[in-house]
Amino acid sequence: MGNRREFRHCTRPRRRARHSYCVRCFVRSDHADRLTQAVTIPNRRAVAIAGHTGDTVTAAAGLAGDAAVRATALGALERLGKLSDEQITTALNDDDVRVRRRAAEIAAAHPAVDLVSTLSDTEPNVVETAAWACGEHESNRPEIVRRLIELSTEAAEPLVREAAVAALGAIGDPAAVDVIIAATSDKPAVRRRAVLALAPFEGDHVDAAIDRALKDRDWQVRQAAEDLGRAQL
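Adding 34 to a residue's 1-based position in the sequence shown gives its number in my numbering.
Note that these hints are calculated values from the structure, not bench results.
Possibly wrong hints are sitting among the right ones.
[Said to hold, decoys possible] Using 20 Å as the maximum straight-line C-alpha spacing, the simulated DMTMM-like pairs for lysine to aspartate or glutamate come out as follows: (1) 116 - 148; (2) 116 - 139; (3) 221 - 250; (4) 221 - 172; (5) 221 - 188.
[Unchecked claim] Using C-beta positions, here's what the derived DEER-type ranges look like: (6) 251 - 74: 34 to 44 Å; (7) 131 - 238: 36 to 46 Å; (8) 154 - 208: 43 to 53 Å; (9) 223 - 113: 51 to 61 Å; (10) 118 - 175: 15 to 25 Å; (11) 251 - 124: 45 to 55 Å.
Computed from a predicted model, the values in this text were never measured in an experiment.
Note that the Cβ used here is the ideal one computed from N, Cα and C, for glycine as well.
Let the sequences and hints guide you as you build the complete structure.
What follows is the structure, encoded as structure tokens:
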């Protein structure tokens, strides 16, 4: 047949360059897996768009993506009203801090989600967000209040202490009043938050703390005390 070559299906092993494969007879399984994954798991942009276009399937598929995609998927599903408490709880235990923080943020609108363990997360920004979410829940569960009190006095990061104090003020549990008063002697940002957190409480010791705040060296603390005093008139 002259110089014409005839191509046949491979029938015996052949030596090939590393990582090469015969397209007609063999596809490496790991390569196939990567191709399948690329097709089935949307990217972050697609997931974000899905949250605005009603595409629940794409948004949900993002929960199987990388950390950035998973975090975006949580927001997309929440926007669509399709994010369950169980999915939030799973995300609160994710390996990636970005996912846990996003889950804690979204949990603020889900009072049934238990945030007790998240208040002891290893990452301060997750704990801060969880404390804020607890304030949004306004739940006075003893274990929540106890942990927030601990954070208000023991957390190394001022942002965590500030969030915990604010949450205690939102909850309004009488067990927290002494801790909130003590926080009026913390760093300026915490002091400001503590003064405002005294709003639900009454008593001579509360009034005394507000009076001290009126003379605070930080003008924003003084302003907070003045605003609180006017609001209570």
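Quiz prompt | Pairwise beta carbon distance, residue 251 to residue 74, judged against the given window 34 to 44 Å | solution = violated, 59 Å
Exercise. Can you let me know if the beta-carbon spacing of residue 251 and residue 124 is within 45 to 55 Å?
Key: holds, 46 Å
Self-check item: C-beta pair residue 118, residue 175: status relative to the range 15 to 25 Å that was hinted
Solution: holds, 21 Å
Quiz item: When you check the alpha-carbon spacing of residue 221 and residue 250, does it fall within 20 Å?
Solution: Measuring from Cα to Cα gives roughly 11 Å; hence the hint holds.
Practice problem: Given the hint of 36 to 46 Å, check if residue 131 and residue 238 actually sit that far apart at their C-beta atoms. | Solution: holds, 44 Å
Quiz prompt | residue 221 paired with residue 188 [C-alpha distance capped at 20 Å] | solution = With a Cα-Cα distance of about 14 Å, the restraint between residue 221 and residue 188 holds, given a limit of 20 Å.
Quiz item: Given the proposed pairing of residue 221 with residue 172, does the C-alpha separation stay at or below 20 Å?
Solution: violated, 25 Å
Self-check item: Verdict for residue 154, residue 208 (Cβ pair) under range 43 to 53 Å
Solution: Because 24 Å falls outside the window, the suggested range is violated.
Quiz item: Is it true that the C-beta distance of residue 223 to residue 113 lies inside 51 to 61 Å, as the hint says?
Solution: Cβ of residue 223 to Cβ of residue 113: about 31 Å, so the range 51 to 61 Å is violated.
Practice problem: Starting from residue 116, check that the Cα of residue 139 is at most 20 Å away, please. | Solution: holds, 16 Å
Quiz prompt | Restraint status (C-alpha distance of residue 116 to residue 148 at most 20 Å) | solution = Holds, at about 19 Å.
Comparing the model with each numbered hint stated earlier shows that hints 4, 6, 8 and 9 do not hold.
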